[in-house]
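Engineer: Chain by chain, the residues run as shown.
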Amino acid sequence: MFTTPTELKSEYDVVIIGAGGHGLAAAYYLARDHGITRVAVLEKGYIGGGNTGRNTTIIRSNYLTPEGVKFYDASVNLWQDLSEDLDLNLFYSTRGHFTLAHTDSAVRTMRWRAEVNKHYGVDSELVGPDFIKRACPSIDISCGGHAPILGALYHAPGAIARHDAVAWGYGRGACNRGVEIHQQTAVTGIEVKAGKVTGVHTTRGTIATSKVLCAVAGFTPRVTDMVGIRTPLYIHPLQAMVSEPMKPWLDQIFVSGSLHIYISQSARGELVMGASLDPYEVHSTRSTLDFTETLSAHMLDMFPFLSHVKVNRQWSGMADMTPDFAPIMGMTPVEGFYLDAGWGTWGFKATPVCGKTMAWTVANNQPHELITGFSLDRFRNYSLTGEKGAASVGH
Amino acid sequence: MPCPVNGLRAISEFICWGEMRVSPNPDTCTDDEWADYVFNRNGSPGIKREWWCHTPSNTWFIAERDTLEDRVLRTWLPGAEP
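Residue numbers (the working numbering), protein chains in the order written: chain B, 1 to 395; chain W, 1 to 82.
Calculated from the structure, these hints are not laboratory results. Check each hint, because a few of them may be wrong.
[As the list claims (entries may be wrong)] Short derived list, chain B residues pointing at chain W, Cβ under 7 angstroms:
1) Pro221
2) Arg222
3) Asp225
4) Arg230
5) Pro232
6) Leu233
7) Tyr234
8) Tyr280
9) Glu281
10) Val282
11) His283
12) Phe379
13) Arg380
[To be verified] Okay, the calculated beta carbon distance ranges per label pair:
14) B:Thr372 / W:Ile11: 36 to 44 angstroms
15) W:Asn42 / B:Val127: 37 to 45 angstroms
16) W:Ser23 / B:Met246: 49 to 57 angstroms
Note that CB positions come from ideal geometry on N, CA and C, so glycine has one too.
Make a model of the complete structure from these sequences and hints.
Structural biologist: Written out as structure tokens, the structure is:
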């Protein structure tokens with residue numbers, strides 16, 4: 001599927017750190033849309049082995065801020081044609097996405113989101129318990145009496161996709177256009193002279209370049225330290241798990257902020273389940289029993305009949321969180337150092353639009369209009385993009 | 001997590017309140033220094049001193065923790081650093 005380049009060249013036009021979905025998508029669009037093909041993507045592990053392969057693959061655009069809604073909706077539009085574009089079946093599957101509300105204040109936020117969404121042309125509405133029960137008869141609408149479901153934000157275009165294939169498709173597309181993907185190549189330093197990027201040190205030698213795009217999620221603070229940029233990012237593990245496979249019974253995607261859970265059923269029949277962040281900073285991908293227990297207990301509130309179902313695997317990814325739950329994208333105080341970070345718990349769905357807008361930003365050396373609300377500057381100017389109300393679960 | 005008052009307790013009984021930081025003087029610092037204090041964090045892994053609270057007993061204390069290995073090295077009550 002990929003050609004493996006034998007050696008690092010001494011110079012590239014652009015170096016991308018991180019061969020996850022975001023980095024590879026940026027490489028793909030740099031080559032396809034901007035004709036920039038002297039590009040190296042450096043990856044210290046393997047393609048798609050970070051958060052691209054660790055998320056729960058939910059795709060939606062029912063966000064809260066105008067900046068967010070426009071941005072994620074552009075992503076959903078790209079997703080819908082992406083299998084054809086990459087000539088690879090991404091198992092893109094439109095399911096319908098319910099964000100459940102168990103309290104009056106949650107209903108109020110859902111109503112707010114629905115109105116913002118509709119204003120920007122996104123299919124999104126507030127629905128009642130009857131609608132939810134009709135769509136998914138297996139759900140216990142009272143959640144065992146603990147937290148009765150009062151309504152939901154229903155987003156019909158909500159979808160899931162095969163996450164690994166996204167990295168492979170973008171990687172192959174970039175490779176075919178001349179981009180080099182160097183796996184097992186860690187960045188150890190970035191050279192900055194007079195405020196400008198001049199090169200990158202790696203475990204396989206030094207490269208001269210004037211443009212570096214950093215797309216490394218939970219490793220971002222370690223890379224920004226190399227160029228002396230301070231950010232508000234803090235790293236917490238985000239865990240997930242899958243059940244044993246079963247016959248298809250769950251068509252939709254369900255999210256409950258109050259119960260801190262989200263669930264969908266994959267094409268393989270496994271239930272893919274996630275919860276909120278681990279509550280304190282850890283820079284590793286360890287799993288905990290606490291997580292499995294809490295998530296399972298809440299899952300049984302919603303779907304009591306799952307009590308005999310076994311958990312097959314659990315894992316964790318390192319989420320780079322921002323204080324306003326919006327990403328950090330674009331230019332930085334170091335000329336030639338571009339940041340695609342702060343993807344916390346919401347990065348997978350943005351993969352196509354991130355690739356597209358970051359490629360444009362790198363090629364034109366100015367922020368794409370869709371990402372101006374996500375600049376690192378906002379934390380100097382107190383102009384935050386408050387997206388916490390649209391985070392999948394209360395964190 | 002070893003609480004300095006209650007001894008070793010389950011981690012679920014605690015809340016982490018983040019790294020100990022020194023506030024710049026708001027009357028004399030620049031706007032950039034203040035914004036840096038408000039928003040920016042030391043996000044890289046390392047051995048950090050953090051505020052923790054044992055919630056059932058409302059005991060606030062300081063923990064020195066390796067955030068790469070998730071290992072607590074030592075804990076103490078404020079002002080009583082061993």
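Engineer: All hints are to be evaluated individually against the structure, with a verdict given for each.
Structural biologist: So, going through the hints one by one against the coordinates:
no.: 1; hint: Pro221; verdict: holds (3 angstroms)
no.: 2; hint: Arg222; verdict: holds (5 angstroms)
no.: 3; hint: Asp225; verdict: holds (5 angstroms)
no.: 4; hint: Arg230; verdict: holds (4 angstroms)
no.: 5; hint: Pro232; verdict: holds (4 angstroms)
no.: 6; hint: Leu233; verdict: holds (4 angstroms)
no.: 7; hint: Tyr234; verdict: holds (5 angstroms)
no.: 8; hint: Tyr280; verdict: holds (4 angstroms)
no.: 9; hint: Glu281; verdict: holds (5 angstroms)
no.: 10; hint: Val282; verdict: holds (5 angstroms)
no.: 11; hint: His283; verdict: holds (4 angstroms)
no.: 12; hint: Phe379; verdict: holds (4 angstroms)
no.: 13; hint: Arg380; verdict: holds (5 angstroms)
no.: 14; hint: B:Thr372 / W:Ile11: 36 to 44 angstroms; verdict: holds (41 angstroms)
no.: 15; hint: W:Asn42 / B:Val127: 37 to 45 angstroms; verdict: holds (44 angstroms)
no.: 16; hint: W:Ser23 / B:Met246: 49 to 57 angstroms; verdict: holds (54 angstroms)
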